[in-house]
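Asker: Residue-level listing of the chains:
Protein chains: 2
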Amino acid sequence: MSILAVGSVAFDTIATPSGRVEDMLGGSATYFSLAASYFTEVRIVAVVGDDFTADHERVLTGRGVDTRGIQRAKGKTFRWGGQYLDNLNEAKTDFTELNVFESFQPHIPAEYMDSLYLFLGNIHPSLQAAVRLEMDRVRLTGGDTMNFWITGSLKELTETLKLINVLLINDGEAKMLAGERSLPRAARKVLSMGPQALVIKHGEYGATIFFREGAFGIGSHPFRAPALPLEVVDPTGAGDSFAGGFMGYIASQGQLNREVLKRALFYGGVMGSFAVERFGTERLQKLTRQKIDARFQVFRELTHLE
Amino acid sequence: MSILAVGSVAFDTIATPSGRVEDMLGGSATYFSLAASYFTEVRIVAVVGDDFTADHERVLTGRGVDTRGIQRAKGKTFRWGGQYLDNLNEAKTDFTELNVFESFQPHIPAEYMDSLYLFLGNIHPSLQAAVRLEMDRVRLTGGDTMNFWITGSLKELTETLKLINVLLINDGEAKMLAGERSLPRAARKVLSMGPQALVIKHGEYGATIFFREGAFGIGSHPFRAPALPLEVVDPTGAGDSFAGGFMGYIASQGQLNREVLKRALFYGGVMGSFAVERFGTERLQKLTRQKIDARFQVFRELTHLE
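As given, the protein sequences belong to chains A and B, one line each in that order.
The first sequence: position 116 = 116 (the working numbering), numbered continuously.
Quick note, the working numbering runs 1000 ahead of the 1-based positions in the second sequence.
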């Protein structure tokens, strides 16, 4: 079933110990859509500038992504520059040029209104809320956020959290959002703010999903998907690719229960692990479901005792 | 089968967000021995000062640990002070008073010479090597080390690594020892230095075991044991308790193969998770094998897909 992704399209300039690339196609909606495209139909809403070419668009349409929701504005596309030279787990931002992204107002095309699944990428929480409220038929909403909104727009974010079913954030964001240094306590607090489930991404160590008591099944035991220790070339987009694998798999299943969410967590880890093996979206453009399922199996065996 | 642990006995002064304790019994050999005591017979070699009382010794003998190898020296026992106020994952050292530990020369009692398993806690690599070379019947040697020896005594450490079958260190130590920022590359390099297996401890994220090609079984696939997100009261001793659960389980099995080492990795995680739930060794003194196996089951289910 179709999933709608709202977020950013960007051109990234990135330096890692493996090399340096300039103005490479990226952005949360791009990584999410490519990762999700291996599981289900994907529709994208984002804004780009004059410098977004037909070749850039073909990266998405080549994977069957519906790009009718990409808005074109006068000016340059959002640009981000960062480096991971000292620490592959944390980006050091060199520059952020919002450009056309600064005045992004998501318009949902009429053809997208029947989407059953929704992913709200890391944009202003008020825009996230507006999109969610516009969509009538959505069954499950996944959402992301970041430190910038937690510190600067907490009131709006608090309202948006009531509209999100599954929040996907990392350890630091969860602790900051909850004002708690202990991860299980932070998780409980974030779940009390609205979401039925919380996915905390641990980078190279995998991810944990916490459930509100009784949500999607019985009890409140967390579940963890490990990640294989791999050669990381470029960590950019790992979190959005994780979200794409996670939400894409859920949208492909047609039912919502713990077992589906647990498998989705593994698929999230799998797509994140592929994303980081090459610069930018290169690896995500040329996968097959067979390769994805083979790695899913490796991830299962990684923690499987006889 | 008996396991011999050589390491430190210490009195720790620790501050964490949960509180502060002074001169609490600790040290690598103490945590290791208590954790291993739930699986097999444990013998300890360490040095203490005049301030080590009969009550302190009863903490160990109460768990059946053979303390005949505890050497008494004139002076005070090793003291360490540290805090985890900003970060539960990393200790900030306030003070280190080596005291009698400074001139520690491990003497192995004759009654210990038939030990089949050996754990070399974090002491000078030359002392580790001397102990190993003295023991004729050892089937498997586990060892720990730290940044201090990696930077200050690399030559001695390199020799010792050739005598250690399973090295247990954390992420930062593995990367420093290998001079590599990528974990899988660091693991390969450390394995080329001697050990047949390398356990890298990830703190609250569990641990990964890497095998040298063909060691203890077929292939070289790594295996990961996840860890449950738990309320951490005091992280001190987590790594040594992990090692105690890991080595203790192995010593209890009588055979050495990948499946045993994988289960041992889970038991390591289980014992580490108990250790951090209370200050010092409190939790490790009053467990039962039933409680341990119940948590082992929880850890299995944590990543288990139907």
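Hints were generated in silico from the structure; no laboratory data involved.
Treat the hints loosely; a few may be bogus.
[As the list claims (entries may be wrong)] Capping the alpha-carbon separation at 25 Å, the derived lysine-lysine pairs in DSS-like fashion look like this:
| id | chain 1 | residue 1 | chain 2 | residue 2 |
| --- | --- | --- | --- | --- |
| 1 | B | Lys1189 | B | Lys1155 |
| 2 | A | Lys175 | B | Lys1092 |
| 3 | A | Lys92 | A | Lys175 |
| 4 | A | Lys262 | A | Lys291 |
| 5 | A | Lys92 | B | Lys1155 |
| 6 | A | Lys92 | A | Lys74 |
| 7 | B | Lys1162 | B | Lys1175 |
| 8 | A | Lys92 | A | Lys76 |
| 9 | A | Lys262 | B | Lys1262 |
Asker: Each hint should be assessed against the structure and marked as holding or not.
Answerer: To see whether the hints hold, each was checked on the structure:
With a CA separation close to 16 Å, the supplied pair lysine 1189 of chain B and lysine 1155 of chain B stays within the 25 Å bound. A threshold of 25 Å between alpha carbons decides the hint, and for lysine 175 of chain A with lysine 1092 of chain B the separation of about 21 Å falls inside it, so the pair holds. Using a Cα cut-off of 25 Å, the hinted pair lysine 92 of chain A and lysine 175 of chain A holds, with the two alpha carbons roughly 20 Å apart. Distance check on the hinted pair: lysine 262 of chain A and lysine 291 of chain A sit about 20 Å apart at the alpha-carbon level, within 25 Å; holds.
Of the supplied pair hints, the one linking lysine 92 of chain A and lysine 1155 of chain B is violated, its CA atoms being roughly 35 Å apart against a limit of 25 Å. With a C-alpha separation of about 29 Å, the suggested pair lysine 92 of chain A and lysine 74 of chain A falls outside the 25 Å cut-off, and the hint is violated. For the given pair, lysine 1162 of chain B sits about 18 Å from lysine 1175 of chain B by alpha-carbon distance, which is consistent with the 25 Å threshold. A hinted pair counts as satisfied when its Cα atoms are at most 25 Å apart, and lysine 92 of chain A with lysine 76 of chain A qualifies at roughly 23 Å.
Simply put, lysine 262 of chain A and lysine 1262 of chain B have alpha-carbon atoms about 22 Å apart, close enough for the 25 Å limit, and the pair holds.
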